[in-house]
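Asker: Turn these sequences into a full structure, and let the hints steer you where they fit.
Add 211 to a position in the sequence shown, counting from 1, and you land on the number used in this note's numbering.
Hint data in this document are derived by calculation from the structure and do not stem from the laboratory.
Any given hint might turn out to be false.
[Stated by the list, open to error] Label pairs and their computed distance ranges (CB to CB):
id, residue 1, residue 2, range
1, Glu322, Met302, 16 to 22 Å
2, Lys286, Gln366, 28 to 34 Å
3, Lys286, Asn327, 25 to 31 Å
4, Ala276, Leu245, 27 to 33 Å
5, Glu318, Glu244, 34 to 40 Å
6, Ala254, Asn215, 54 to 60 Å
7, Asp306, Lys282, 26 to 32 Å
8, Val387, Asn255, 34 to 40 Å
9, Gly219, Glu322, 43 to 49 Å
Here a beta-carbon is modelled for each residue, glycine too, at the ideal position from N, C-alpha and C.
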Amino acid sequence: SLTNQVEGMRERAYVAHHVIRAQEEERRRLARELHDGPAQMLANLVLRLDIAERMIDGDREQVRAELQDIKGLVKETLRDLRRSMFNLRPMALDDLGLVPTLRGYVESLKEQSGLNVELRVMGRERRLSPTAEAALFRVVQEAIHNAQRHARCQQVIVRVEFGPQGVGLVIEDDGVGFDPEAVTPGSGESGLGLLHMRERVHLLQGRLRVQSAPGRGTKVRVLVPWEGVGEPGGPVGRPAGQGRGKGKAVPTDGDSGRDR
212 SLTNQVEGMR ERAYVAHHVI RAQEEERRRL ARELHDGPAQ MLANLVLRLD IAERMIDGDR
272 EQVRAELQDI KGLVKETLRD LRRSMFNLRP MALDDLGLVP TLRGYVESLK EQSGLNVELR
332 VMGRERRLSP TAEAALFRVV QEAIHNAQRH ARCQQVIVRV EFGPQGVGLV IEDDGVGFDP
392 EAVTPGSGES GLGLLHMRER VHLLQGRLRV QSAPGRGTKV RVLVPWEGVG EPGGPVGRPA
452 GQGRGKGKAV PTDGDSGRDR
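Answerer: Below, the structure written as structure tokens:
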């Protein structure tokens with residue numbers, strides 16, 4: 212009917228508006244990260260090199276100490292640049308796939324933040340399409356980012372399951388929790404983060420549910436059917452013989468929580 216068409220157009224316009232807003236927020240965040248990190252360090256590096264140049268004819272020990280400091284600054288800048296590149300798109304996704312990239316990400320998080328993050332993988336691992344691997348990685352990354360920033364949690368458990376229905380994800384934290392009904396795309400960074408996750412999963416024909424309550428932690432559940440994850444380098448479609456995989460896919464229906 213005409214009413215349904217109008218409602219559909221309004222919904223698409225609403226989603227498009229918030230997706231564009233989310234993209235701009237992400238660009239702003241990345242620009243700020245580059246400005247406050249590598250850009251500032253490189254400016255400092257130029258200044259330090261200028262000082263070292265003027266010290267060449269002076270005390271050799273002072274010059275050596277200055278060069279050691281500069282070397283440390285270069286290493287720190289390189290680490291920041293690699294972190295920014297990883298945030299844009301981890302190269303390991305293309306080379307190794309979803310699960311190895313998640314393993315590396317979890318280990319890096321534990322070293323850098325001290326957060327207790329555990330990764331559990333069930334079923335027979337397999338490569339997915341590049342689009343699916345990137346989307347599922349970003350969902351995990353965003354969920355953990357939200358847990359770190361808003362939940363004040365001590366532990367995060369990430370479960371990945373390759374099951375008969377498709378690929379399932381569960382990201383669970385022991386933080387302060389929140390009311391999912393109170394979070395909207397316009398309610399700040401957390402709302403935009405949930406919108407990002409929802410749109411990524413929706414594009415893979417999947418479902419995302421958020422289970423949370425104040426004081427009870429948060430659980431994000433995702434199930435993407437095999438039709439949505441495709442083959443590596445190939446079109447999206449259910450792989451031949453799939454459906455006899457090990458285990459049971461992580462459920463998203465029938466749980467208390469909110470579809471996102």
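Asker: It remains to establish, for every hint, whether it holds in the given structure.
Answerer: Each hint, compared with the structure:
| no. | hint | in the structure |
| --- | --- | --- |
| 1 | Glu322 - Met302: 16 to 22 Å | 19 Å, holds |
| 2 | Lys286 - Gln366: 28 to 34 Å | 31 Å, holds |
| 3 | Lys286 - Asn327: 25 to 31 Å | 27 Å, holds |
| 4 | Ala276 - Leu245: 27 to 33 Å | 29 Å, holds |
| 5 | Glu318 - Glu244: 34 to 40 Å | 21 Å, violated |
| 6 | Ala254 - Asn215: 54 to 60 Å | 56 Å, holds |
| 7 | Asp306 - Lys282: 26 to 32 Å | 29 Å, holds |
| 8 | Val387 - Asn255: 34 to 40 Å | 38 Å, holds |
| 9 | Gly219 - Glu322: 43 to 49 Å | 47 Å, holds |
Hint compliance for this structure: hint 5 alone is broken.
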